[in-house]
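Asker: What follows is each chain in one-letter form.
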Amino acid sequence: MDRPSERIEDTRSGSRGSPSGSMTSAEANAADSFLVRVLRQDGPGLTSYWETHRVAREPDMNCISVLQKIAERAETIEGRRVAPVAWECNCLEEVCGACTMLINGRVRQACTALVDRLLADRPGEIELRPMTKFPVIRDLVVDRSRVFAALRKVKAWVPVDSYLDMGAGPRQSQEDQELAYQYSKCMSCGCCLEACPQFLKIELVRGKGESETDFRRRLDEANRQAFLGAHAIAQVELFNLNPIGSMTARQRLDVLTGEGGVQICGKAQNCVKVCPKGIPLTTAIARANRAAVRHVVRKWFDL
Amino acid sequence: MPVPRVVIIGGGLAGSAAAMKLAELEFDVSVVSLTPLKRSHSACAQGGINSVNDLTRQLGDSEWKHFDDTVYGGDFLQHQPPVKAMADWAPRIIDLMDRLGVTFNRTPEGFRDQRRFGGTLYRRTAFAGATTGQQLLYALDEQVRRWECAGRVKKYESADFLGLALDDHGRACGCVVQDIQSMEIFTLPADAVIIASGGCGALFGRSTNSMACLGSAVSRVFQQGARYANGEFIQVHPTAIPGADKLRLISESARGEGGRVWVPRRPQDPRRPQDIPESERYYFLEDRYPKYGNLVPRDIATREIFRICIEDGLSVQADRMCVYLDVTHLPRDVLDRKLAGILEIYEKFQGADPRTAPMKIFPAVHYTMGGLWCDYERTNDGELVVGSPRNQQTNIPGLYAIGECDYQFHGANRLGANSLIACIFSGVTVAPGIAAYVDAQQRRPAETPASVFEQSRRAHQEQYDRLIARGGDGPNPYRLHQQLGAAMTRAATVIRRNAELDAAYQEVCALEEQSQRAAVADRSGWANQNAVFVRALADMFPLAKTILRGARLRDECRGAHYKPEFEMPAVDSNDPQQRKLQAERWCDVFEENNRRWLKTTVASWSSERQPEICYEPVDTSLIPPRPRLYGLAGADVIEQAWRTRQSRRELQPLVHVEP
Numbered sequence: 001m002d003r004p005s006e007r008i009e010d011t012r013s014g015s016r017g018s019p020s021g022s023m024t025s026a027e028a029n030a031a032d033s034f035l036v037r038v039l040r041q042d043g044p045g046l047t048s049y050w051e052t053h054r055v056a057r058e059p060d061m062n063c064i065s066v067l068q069k070i071a072e073r074a075e076t077i078e079g080r081r082v083a084p085v086a087w088e089c090n091c092l093e094e095v096c097g098a099c100t101m102l103i104n105g106r107v108r109q110a111c112t113a114l115v116d117r118l119l120a121d122r123p124g125e126i127e128l129r130p131m132t133k134f135p136v137i138r139d140l141v142v143d144r145s146r147v148f149a150a151l152r153k154v155k156a157w158v159p160v161d162s163y164l165d166m167g168a169g170p171r172q173s174q175e176d177q178e179l180a181y182q183y184s185k186c187m188s189c190g191c192c193l194e195a196c197p198q199f200l201k202i203e204l205v206r207g208k209g210e211s212e213t214d215f216r217r218r219l220d221e222a223n224r225q226a227f228l229g230a231h232a233i234a235q236v237e238l239f240n241l242n243p244i245g246s247m248t249a250r251q252r253l254d255v256l257t258g259e260g261g262v263q264i265c266g267k268a269q270n271c272v273k274v275c276p277k278g279i280p281l282t283t284a285i286a287r288a289n290r291a292a293v294r295h296v297v298r299k300w301f302d303l
Numbered sequence: 001m002p003v004p005r006v007v008i009i010g011g012g013l014a015g016s017a018a019a020m021k022l023a024e025l026e027f028d029v030s031v032v033s034l035t036p037l038k039r040s041h042s043a044c045a046q047g048g049i050n051s052v053n054d055l056t057r058q059l060g061d062s063e064w065k066h067f068d069d070t071v072y073g074g075d076f077l078q079h080q081p082p083v084k085a086m087a088d089w090a091p092r093i094i095d096l097m098d099r100l101g102v103t104f105n106r107t108p109e110g111f112r113d114q115r116r117f118g119g120t121l122y123r124r125t126a127f128a129g130a131t132t133g134q135q136l137l138y139a140l141d142e143q144v145r146r147w148e149c150a151g152r153v154k155k156y157e158s159a160d161f162l163g164l165a166l167d168d169h170g171r172a173c174g175c176v177v178q179d180i181q182s183m184e185i186f187t188l189p190a191d192a193v194i195i196a197s198g199g200c201g202a203l204f205g206r207s208t209n210s211m212a213c214l215g216s217a218v219s220r221v222f223q224q225g226a227r228y229a230n231g232e233f234i235q236v237h238p239t240a241i242p243g244a245d246k247l248r249l250i251s252e253s254a255r256g257e258g259g260r261v262w263v264p265r266r267p268q269d270p271r272r273p274q275d276i277p278e279s280e281r282y283y284f285l286e287d288r289y290p291k292y293g294n295l296v297p298r299d300i301a302t303r304e305i306f307r308i309c310i311e312d313g314l315s316v317q318a319d320r321m322c323v324y325l326d327v328t329h330l331p332r333d334v335l336d337r338k339l340a341g342i343l344e345i346y347e348k349f350q351g352a353d354p355r356t357a358p359m360k361i362f363p364a365v366h367y368t369m370g371g372l373w374c375d376y377e378r379t380n381d382g383e384l385v386v387g388s389p390r391n392q393q394t395n396i397p398g399l400y401a402i403g404e405c406d407y408q409f410h411g412a413n414r415l416g417a418n419s420l421i422a423c424i425f426s427g428v429t430v431a432p433g434i435a436a437y438v439d440a441q442q443r444r445p446a447e448t449p450a451s452v453f454e455q456s457r458r459a460h461q462e463q464y465d466r467l468i469a470r471g472g473d474g475p476n477p478y479r480l481h482q483q484l485g486a487a488m489t490r491a492a493t494v495i496r497r498n499a500e501l502d503a504a505y506q507e508v509c510a511l512e513e514q515s516q517r518a519a520v521a522d523r524s525g526w527a528n529q530n531a532v533f534v535r536a537l538a539d540m541f542p543l544a545k546t547i548l549r550g551a552r553l554r555d556e557c558r559g560a561h562y563k564p565e566f567e568m569p570a571v572d573s574n575d576p577q578q579r580k581l582q583a584e585r586w587c588d589v590f591e592e593n594n595r596r597w598l599k600t601t602v603a604s605w606s607s608e609r610q611p612e613i614c615y616e617p618v619d620t621s622l623i624p625p626r627p628r629l630y631g632l633a634g635a636d637v638i639e640q641a642w643r644t645r646q647s648r649r650e651l652q653p654l655v656h657v658e659p
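Protein sequence lines, in the order shown, are assigned to chains A and B.
Taking the working numbering, the leading residue of the first sequence gets 1, the next gets one more, and so forth.
Taking the working numbering, the leading residue of the second sequence gets 1, the next gets one more, and so forth.
Keep in mind that the hints were calculated from the coordinates and are not lab data.
Wrong hints could be hidden among the right ones.
[To be verified] Taking lysine to aspartate or glutamate and the DMTMM-like style, the derived pairs with C-alpha atoms no more than 25 Å apart in a straight line are:
{"#": "1", "chain 1": "A", "residue 1": "LYS273", "chain 2": "B", "residue 2": "GLU612"}
{"#": "2", "chain 1": "B", "residue 1": "LYS348", "chain 2": "A", "residue 2": "ASP121"}
{"#": "3", "chain 1": "B", "residue 1": "LYS348", "chain 2": "A", "residue 2": "ASP60"}
{"#": "4", "chain 1": "A", "residue 1": "LYS273", "chain 2": "B", "residue 2": "ASP353"}
{"#": "5", "chain 1": "A", "residue 1": "LYS277", "chain 2": "B", "residue 2": "GLU344"}
{"#": "6", "chain 1": "B", "residue 1": "LYS154", "chain 2": "A", "residue 2": "GLU127"}
{"#": "7", "chain 1": "B", "residue 1": "LYS154", "chain 2": "A", "residue 2": "ASP143"}
{"#": "8", "chain 1": "A", "residue 1": "LYS277", "chain 2": "B", "residue 2": "ASP269"}
{"#": "9", "chain 1": "B", "residue 1": "LYS154", "chain 2": "A", "residue 2": "GLU51"}
{"#": "10", "chain 1": "A", "residue 1": "LYS277", "chain 2": "A", "residue 2": "GLU127"}
{"#": "11", "chain 1": "B", "residue 1": "LYS154", "chain 2": "A", "residue 2": "ASP214"}
{"#": "12", "chain 1": "A", "residue 1": "LYS277", "chain 2": "A", "residue 2": "ASP60"}
{"#": "13", "chain 1": "A", "residue 1": "LYS273", "chain 2": "B", "residue 2": "ASP336"}
{"#": "14", "chain 1": "A", "residue 1": "LYS277", "chain 2": "B", "residue 2": "GLU347"}
{"#": "15", "chain 1": "B", "residue 1": "LYS348", "chain 2": "A", "residue 2": "ASP214"}
{"#": "16", "chain 1": "B", "residue 1": "LYS348", "chain 2": "A", "residue 2": "GLU125"}
{"#": "17", "chain 1": "A", "residue 1": "LYS277", "chain 2": "B", "residue 2": "ASP353"}
{"#": "18", "chain 1": "A", "residue 1": "LYS208", "chain 2": "B", "residue 2": "GLU184"}
{"#": "19", "chain 1": "A", "residue 1": "LYS201", "chain 2": "B", "residue 2": "ASP336"}
{"#": "20", "chain 1": "B", "residue 1": "LYS348", "chain 2": "A", "residue 2": "GLU58"}
{"#": "21", "chain 1": "B", "residue 1": "LYS563", "chain 2": "B", "residue 2": "ASP575"}
{"#": "22", "chain 1": "B", "residue 1": "LYS154", "chain 2": "A", "residue 2": "GLU212"}
{"#": "23", "chain 1": "B", "residue 1": "LYS599", "chain 2": "B", "residue 2": "GLU383"}
[Stated by the list, open to error] Facing chain A, from chain B, some residues (calculated, C-beta under 10 Å):
{"#": "24", "residue": "GLN135"}
{"#": "25", "residue": "GLU148"}
{"#": "26", "residue": "ARG152"}
{"#": "27", "residue": "LYS154"}
{"#": "28", "residue": "GLN463"}
{"#": "29", "residue": "TYR464"}
Beta carbons: idealized from backbone N, C-alpha and C, even for Gly.
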């Protein structure tokens, strides 16, 4: 269930080194409390900094309840009053994807990161950082709009004629349903992108005198050119498997074979290792690759 | 004519369904949400979605029986025309979701598979593993994205709804919204506004709800004059696992697929559950409700679990209330194909495998049956006029409510797998009604002079500036929230007592007063979650007070609202003659209760910051109320007495729910 922990290389340059100088190891090992190191950042483009909080240990804690305790106390170990740490969350049962962050160096959802297990692996301390492949909005909140932009780009939907009553959808084998269900559990959390060596961070700053619209356009263009990532390739598989979706499969394959498409994948296979939903991402990429080749060959011969 | 505009607050199942349908009808749609649509709370719905289907039809099921199960399950507190329409439309809604690519589980022949759910004897529930809500939400989110690409829908996915803009006719003409990153406050003019913001689990501290289920959008329109109905009806789900941050749902589908609830007959039996022989296990639901067994409606299952733990002292553990939910006897492939989603949740959070050892569960606050009061139009025969501008419209013209935050469909208790159908049904059918409403307006609300919007915007801006200026010295808002949750959970969940409700009301008023001064520790003008929470906290109190007041006034037991002080008289005599008399007495009380209490609770927010409550008759014109016993062992004498009484009066025969 718990995958062996993988440390993602720290590609961040702006981080100011090690924090929490003042605590003694005796304090850190106190069984009734533990330390939480959080990499904070007050806003986009600002310098990040470490901050350490002490949290009382209670039964059944996860990293969400840790952050709730920090918000409630809002005081560092040095006794300094600070603003509560900002983070994103919603469902708290790993179906919404919101609370994704780096916990002890590993990208995952904070809700399923249980304190007892984290402390068993690394006694006394938990480290929380924002994902590194997306621009930081504040503290642990990052801007993942690029994930959704990729879904727009690959036309990740079933293009029905209308929402009028046209009877049931096509029948489907259990096997096909089970395959599709695997892919459709993707909650767009971004773990696969964080772990991917080919997926690089895009962080643009709005220029002086640049209008909001122009800035948006520039960002869209940058997103369009950059790698789609494993999640979007798997969604192409999902919709090209769907009997109605398959009718527009070529449009999605055009995207896959275009700029930022499947050819950029370097087959590091990190994505599938970090996917919290166990989606067969590398299988999807392999299938997409084959479909893409067929698609290109057919286009050459104008079939 | 300019393109008509609608703003939708909330992008879960109901909001997304409305957005895609309105876009198809060529509206210009804006969706305002605290989270990206795809991360909405609908994703947490697990078990499935109900409708009569080709399979159940051949076993005698019909739209009417789905309708009947729903109103019987809701203890007859719903107006029946909209509920009947929902049951009638349900098969078509599921067909539509099927076409949109929802990965419903399949039979070997390739048809949609169905399972049984609570409060019915038919296998009416279509499902996609144990993450049906997530799958339905994704299908709708994808359609909304398609319309977004077509330029028809604009999404504001990190925005907080602050209030309505009202024109000089009192119509909703748009709303004021805050971007919760830039903290900029702006207005969105509209010809109609839809609230689709879900339930208010946050009032109870921890619940099965997501963190965005704050109830704040509903509370804000309530404070602007919208009415709130049946607030006291809060569903407590029988099977959840406790956590420090949230109570996590273990879906009814576990029981739908054959899961059994039991406790050891010996209190706190120290043996491992798998070592306790069958004869020493007490399957209390099956024992008391032989007909429905583990699939009695949620309010009943929850009360039975409470009874077994509190009154009978049979909780599995002494230090923590819980009972076993056992699926270990089910075949592995069924578990993996149909229930994997929930079993993984249990596994991830409890660290034990429910395939080999029974789960330990306990009830948790789950669903808001009450909600914004809304209207409907019916024909003389009691059918809903689909496409009427009155359907789902609140008492504020141009303000609509759909999904969990409306009160229309579930009465005093919601049946499992009916919420998803209600959300999509109300979302899809509200669209033509809004089109009719907008067509009928002589002057488009969105054309209201800019000064009106600017005035609303400025008022909210000033309020926000004052909030930020308050600083960090007041009471701690997170602790106030915990206290509110504790007070509400103690007084207004499974067992309600008037003295406790009175005390809770006092306590909540005191907390409200403190919340007005609550500390805002973060003064940042960027992504200030602290300020957004403090504001939401203050808006929890009007709904909390409405729930408490409604519960205090309603001196009866109905569905999820249970007051031991007003329990139905016992039918427990061993003497047959005496027993008959007791049953007659039971029926007398039942009829008296209905005369007095078969009414919708309707609350308005007064200028003294108190809920004012009045009652409206319920339209039960299609199915007359009858005792809601679910075949309780030993209660057949009541059924008999009731039948005799009805036939003596030559009323229309009762509708039976025999398979």
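Asker: With reference to the structure, classify each hint as holding or not holding.
Answerer: Status of the hints after comparison with the structure:
A C-alpha spacing of about 56 Å is found between LYS273 (chain A) and GLU612 (chain B), which places the hinted pair above 25 Å, so the restraint is violated. At roughly 16 Å between alpha-carbon atoms, LYS348 (chain B) and ASP121 (chain A) fall within 25 Å of each other, so this suggested pair holds. Only pairs whose Cα atoms come within 25 Å are accepted, and LYS348 (chain B) paired with ASP60 (chain A) is accepted, the gap being roughly 12 Å. The straight-line distance between the Cα atoms of LYS273 (chain A) and ASP353 (chain B) is roughly 22 Å, inside the 25 Å bound, and the hint therefore holds.
As the CA atoms of LYS277 (chain A) and GLU344 (chain B) are separated by approximately 10 Å, the hinted pair is consistent with the 25 Å bound. With a C-alpha separation of about 37 Å, the suggested pair LYS154 (chain B) and GLU127 (chain A) falls outside the 25 Å cut-off, and the hint is violated. The suggested pairing of LYS154 (chain B) with ASP143 (chain A) holds, with an alpha-carbon distance near 18 Å, which does not exceed 25 Å. For the hint linking LYS277 (chain A) to ASP269 (chain B), the alpha-carbon distance of about 37 Å lies beyond 25 Å, and the restraint is violated.
At roughly 38 Å between alpha-carbon atoms, LYS154 (chain B) and GLU51 (chain A) are farther apart than 25 Å, so this suggested pair is violated. With a CA separation close to 23 Å, the supplied pair LYS277 (chain A) and GLU127 (chain A) stays within the 25 Å bound. Between LYS154 (chain B) and ASP214 (chain A) the CA atoms are separated by roughly 17 Å; this keeps the pair inside 25 Å, and the hint holds. This hinted pair checks out: LYS277 (chain A) and ASP60 (chain A) have alpha carbons roughly 22 Å apart, not beyond 25 Å.
A hinted pair counts as satisfied when its Cα atoms are at most 25 Å apart, and LYS273 (chain A) with ASP336 (chain B) qualifies at roughly 21 Å. Taking the CA atoms of LYS277 (chain A) and GLU347 (chain B), the gap is about 14 Å. The hint holds against a cut of 25 Å. In summary, the hint linking LYS348 (chain B) to ASP214 (chain A) is not supported, as the alpha carbons are separated by about 45 Å, beyond the 25 Å threshold. As the CA atoms of LYS348 (chain B) and GLU125 (chain A) are separated by approximately 21 Å, the hinted pair is consistent with the 25 Å bound.
A C-alpha spacing of about 17 Å is found between LYS277 (chain A) and ASP353 (chain B), which places the hinted pair at or below 25 Å, so the restraint holds. The suggested pairing of LYS208 (chain A) with GLU184 (chain B) holds, with an alpha-carbon distance near 20 Å, which does not exceed 25 Å. With a C-alpha separation of about 37 Å, the suggested pairing of LYS201 (chain A) with ASP336 (chain B) is violated against the 25 Å cut-off. Of the supplied pair hints, the one linking LYS348 (chain B) and GLU58 (chain A) holds, its CA atoms being roughly 18 Å apart against a limit of 25 Å.
With a C-alpha separation of about 28 Å, the suggested pair LYS563 (chain B) and ASP575 (chain B) falls outside the 25 Å cut-off, and the hint is violated. With a CA separation close to 15 Å, the supplied pair LYS154 (chain B) and GLU212 (chain A) stays within the 25 Å bound. For the given pair, LYS599 (chain B) sits about 20 Å from GLU383 (chain B) by alpha-carbon distance, which is consistent with the 25 Å threshold. Interface restraint check for GLN135 (chain B): the shortest CB-CB distance to chain A comes to about 6 Å, inside 10 Å, so the restraint holds.
Interface restraint check: GLU148 (chain B) against chain A, minimum CB-CB distance 7 Å, threshold 10 Å, status holds. Below 10 Å, beta-carbon pairs count as interface contacts, and ARG152 (chain B) has none with chain A, the closest being about 13 Å; its hint is therefore violated. Interface hint at LYS154 (chain B): violated, since its Cβ lies 12 Å from the closest Cβ of chain A, which is beyond the 10 Å cut-off. The beta carbon of GLN463 (chain B) comes no nearer than 21 Å to any beta carbon in chain A, farther than 10 Å, and the hint placing it at the interface is violated.
Contact between TYR464 (chain B) and chain A, as hinted, is not supported at the beta carbon level, the nearest pair being about 17 Å apart and thus beyond 10 Å.
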